[in-house]
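Engineer: Read top to bottom, the protein sequences are chains L and B.
Number 203 in my numbering belongs to position 203 of the first sequence; there are no gaps in the numbering.
Here my numbering runs 206 ahead of the position in the second sequence, where the first position is 1.
Watch out, some of these pointers could steer you wrong.
[To be verified] Cut-off 25 angstroms, straight-line C-alpha distance, at most; resulting in silico cross-link-like pairs (PhoX-like, lysine-lysine):
(1) 89(L) <-> 458(B)
(2) 469(B) <-> 377(B)
(3) 89(L) <-> 377(B)
[To be verified] Between beta-carbon pairs, the in silico distance windows are:
(4) 440(B) <-> 200(L): 49 to 59 angstroms
(5) 73(L) <-> 259(B): 52 to 62 angstroms
(6) 72(L) <-> 221(B): 42 to 52 angstroms
(7) 225(B) <-> 123(L): 32 to 42 angstroms
(8) 221(B) <-> 179(L): 14 to 24 angstroms
(9) 157(L) <-> 240(B): 50 to 60 angstroms
(10) 248(B) <-> 191(L): 16 to 26 angstroms
(11) 445(B) <-> 161(L): 40 to 50 angstroms
(12) 475(B) <-> 18(L): 35 to 45 angstroms
(13) 433(B) <-> 161(L): 35 to 45 angstroms
(14) 275(B) <-> 179(L): 16 to 26 angstroms
(15) 367(B) <-> 173(L): 43 to 53 angstroms
(16) 13(L) <-> 229(B): 32 to 42 angstroms
[Stated by the list, open to error] Covered by chain L, according to a simulated footprint, are these stretches of chain B (three or more residues, beta-carbon under 8 angstroms):
(17) 219–233
(18) 424–430
No lab work stands behind these hints, which were simulated from the structure alone.
Glycine included, every Cβ here is placed at the ideal spot set by N, Cα and C.
If you want the building blocks of each chain, they are given just below.
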Amino acid sequence: MARANIKRDWQPDKTAFDRLLAWLDEGTESRGERYLEIRERLVDYFGRRDCPFPEDLADETLNRVARRLEETGSIDDVVPARYCYIVAKFVFLESLRRPRQVELVAQNAEAAGAQVATERAENERTFACLERCLQSCSIADRALILDYYQTTSGSARENRRQLAQRLEVTANSLAIRACRIRGRLEACVRACVAAATYRQNSVSSE
Amino acid sequence: MSADSDEYLFRYILRDLPEGEAERLDERSVTDEAFAQRLRDFENDLVDRYAREDATDESLNRFEQRVRDSGYLRNKVQFARALQKVSMHGETDGTGAATAPVLSIGRRRWLEVFATAAMLLLVATGYLALRTVSLREDVARLQVERSAVERQKEQLQRDLEGARATPQRLKTVTDRLPPPRRGADEHSLRLPSDTTEVLLQAVIESSEYETFWASLQDSTSGQTLWRSGDVSGTADGANRIVQITIPVSLLKSGRYSLDVSGKTGAGIFESAGSYPLRVMLE
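Isolated chain B, as found in the complex:
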């Protein structure tokens, strides 16, 4: 099943994928603009179909169960129903914003001023939102304090304090991988025990690629342990540097191969380099 197929996305939304695959899509939903857009479109379409209640296929039955369990999806369904209601209202009574004429691109330029103002307002709202996070958390906490589950809350609160006392921190080891050469030794990577991730800067002896994919294979078993999403390369003279971050939790001492593919101007991915690694966990 393709990683971008409808069925795959549907299973992801249902949280029906193995955790590793779901995490990979989680990552792409934040780091890969095209994928984020595709996923949002697909999710909106699914929510709209469900909100219209005009489809009865089996997939929507499965989706209904997920909606029951997910506050995020319930909110989206409520929004979709409201949007349909407002749209249909505009269509039936002929009044309101829905019947306002849609202007062509050429005649809309002056409206960009309003759009810019609206954008600035949204950004300002975001800024205020950042500053009010703790306030909203306090409000929610007060609501809980009035509930009948005081003892349970106190226990959870103690857990929270414990979590705050031992915050998790990233510790990254950075290493540059020179272009692979025939007969050259494998690249050694020594990782201190408290390292959480390793940032590899792979040097690609070509400037024809803009986008890259990378995968990490265990050289002994041949198993693929990890794949990246789309990664941009940065120019370095005639070369490109591709930065790849790999969680250390995937690694143990041993031999690996980091395979990097580059996307050509024709949109085809081809091998841009294979970097043999020897990992030593300290």
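If we strip away everything but chain L, and leave its shape as in the complex, we get:
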């Protein structure tokens, strides 16, 4: 039992984390890009499966992969993305047996008639966080993502075609780039909103 606790509480040190990054890169040097991409796919996987804390489960998955790498030195019999998916499936199944904390908290909030106010507060928090996260983007990325979405539905296609021309890239390349920037912004906003919610709950409970 003591051994099980040690394994469960294991956290990667810098060496273990670097080993994870190198393993995910499969011999290339992505400077962490590959790690972020796999993590984002895992967050989406858990989110689409209606898990209340998809980011935590994605981190838990990568934590277990890093621990396995630490124990065995390498994982060569399956490609990294596939192995991450196998581990994620187990993390998902285990999560189904845990208490649904968020749902219970949400039920309490609804019981207090606070749902509308909560949604409005969440919208405001999301907006404030997006502005903050945009400031942390490079100038080029910020300009691109805002230009990309600065359209009405009718003019979107034409506007994006002109933007691709200006940037000297194809429409497809522009769409992929915008999608990646958006993915990073969404991750930044999620973290920012979670931190703001935690701060507010801490103040409320005092």
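Since the structure of chain L is already known, use the hints to place chain B on it.
Structural biologist: Then chain B, alone, in the frame of chain L:
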């Protein structure tokens, strides 16, 4: 209906597909880079249309119900609304980041330094996130403890402890499948009872393929039991080795055929080998 069609992806997002098909797309959404990108694009487009509230078609009505049930999609819709608001704000008042000039590729090189720094910061954030998982879980747990459903929580907590006491573990059996030969015996695969998955290393006598698909058929009924996503092959002299992992839960003792297709340089999939198997569950 094609597995990559809009309607199919839409049903997947609505969780309206049979569980087996949904799981297959779940897997591809993590293991197949091109599919993950396609799905994300499609999902973002759907969320944007819904957030703009400028479309009234029936599909968005179905999507609205799904948004109500999914915290993940609600967050995405909130994000899309915020992004539209910020974008339109930049367009109307002429101030702020939205009106900053978009630089051409050639003039943007110096900005890569900033982009690299931002990337390192994101990776560092990921590292910290890994270390704070348990802390965030504790915070959520404390919130629940203050709620009026204490008894229910205690029961669920006991379930959790039970789950932790009996963790599920992967046990993999690995076997190499030699190239199929006319008249050769089928390959025997003996699986101990605690095996959870089987890793088959199919040897392909050709190096012209980079990407492969595999499917497993029950030789008796002819039914396809399982399909892989895109699989890479590794070079082994003039051959390629394709590694395929199959859940043992799909198998029973009997005869199967593992069919492997390879993608040619022209982007066409063709048969790369068919491996007859005889599975014996112990």
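Engineer: For residue 469(B) and residue 377(B), compute the direct alpha-carbon distance and say whether it is at most 25 angstroms.
Structural biologist: 31 angstroms, violated
Engineer: Looking only at beta-carbon atoms, does the pair residue 440(B), residue 200(L) fall within the given range of 49 to 59 angstroms?
Structural biologist: 51 angstroms, holds
Engineer: Determine whether the Cβ-Cβ distance between residue 73(L) and residue 259(B) falls within the hinted range of 52 to 62 angstroms.
Structural biologist: 54 angstroms Cβ-Cβ, so the 52 to 62 angstroms window holds.
Engineer: Please check whether residue 157(L) and residue 240(B) have a Cβ separation lying inside 50 to 60 angstroms.
Structural biologist: Violated, at about 22 angstroms.
Engineer: So does residue 72(L) sit 42 to 52 angstroms from residue 221(B), Cβ to Cβ?
Structural biologist: Violated - the Cβ-Cβ distance for residue 72(L) and residue 221(B), about 35 angstroms, lies outside 42 to 52 angstroms.
Engineer: Is 40 to 50 angstroms respected by the C-beta to C-beta distance linking residue 445(B) and residue 161(L)?
Structural biologist: 46 angstroms, holds
Engineer: Please verify the coverage claim for the region 424–430 of chain B: does it have three or more residues whose C-beta sits within 8 angstroms of some C-beta in chain L?
Structural biologist: violated (count 0)
Engineer: Are residue 13(L) and residue 229(B) spaced within 32 to 42 angstroms by their CB atoms?
Structural biologist: 34 angstroms, holds
Engineer: Closer than 8 angstroms Cβ to Cβ for three or more residues is the test here. Does the region 219–233 of chain B pass it with chain L?
Structural biologist: Our answer is that it holds, as 4 residues pass the Cβ test (under 8 angstroms) against chain L, meeting three.
Engineer: A range of 32 to 42 angstroms was offered for this pair. Does it hold for the Cβ distance of residue 225(B) and residue 123(L)?
Structural biologist: Since the Cβ atoms of residue 225(B) and residue 123(L) sit about 34 angstroms apart, the hinted range of 32 to 42 angstroms holds.
Engineer: Given the hint of 35 to 45 angstroms, is the C-beta distance from residue 475(B) to residue 18(L) inside that range or not?
Structural biologist: Check passed, 38 angstroms falls within 35 to 45 angstroms.
Engineer: May I ask you to test the hint 16 to 26 angstroms on the CB atoms belonging to residue 248(B) and residue 191(L)?
Structural biologist: Holds, since residue 248(B) and residue 191(L) (Cβ atoms, about 25 angstroms apart) stay within the stated range.
Violated hints, listed in ascending order, are 2, 6, 9 and 18; each of the other numbered hints is respected by the structure.
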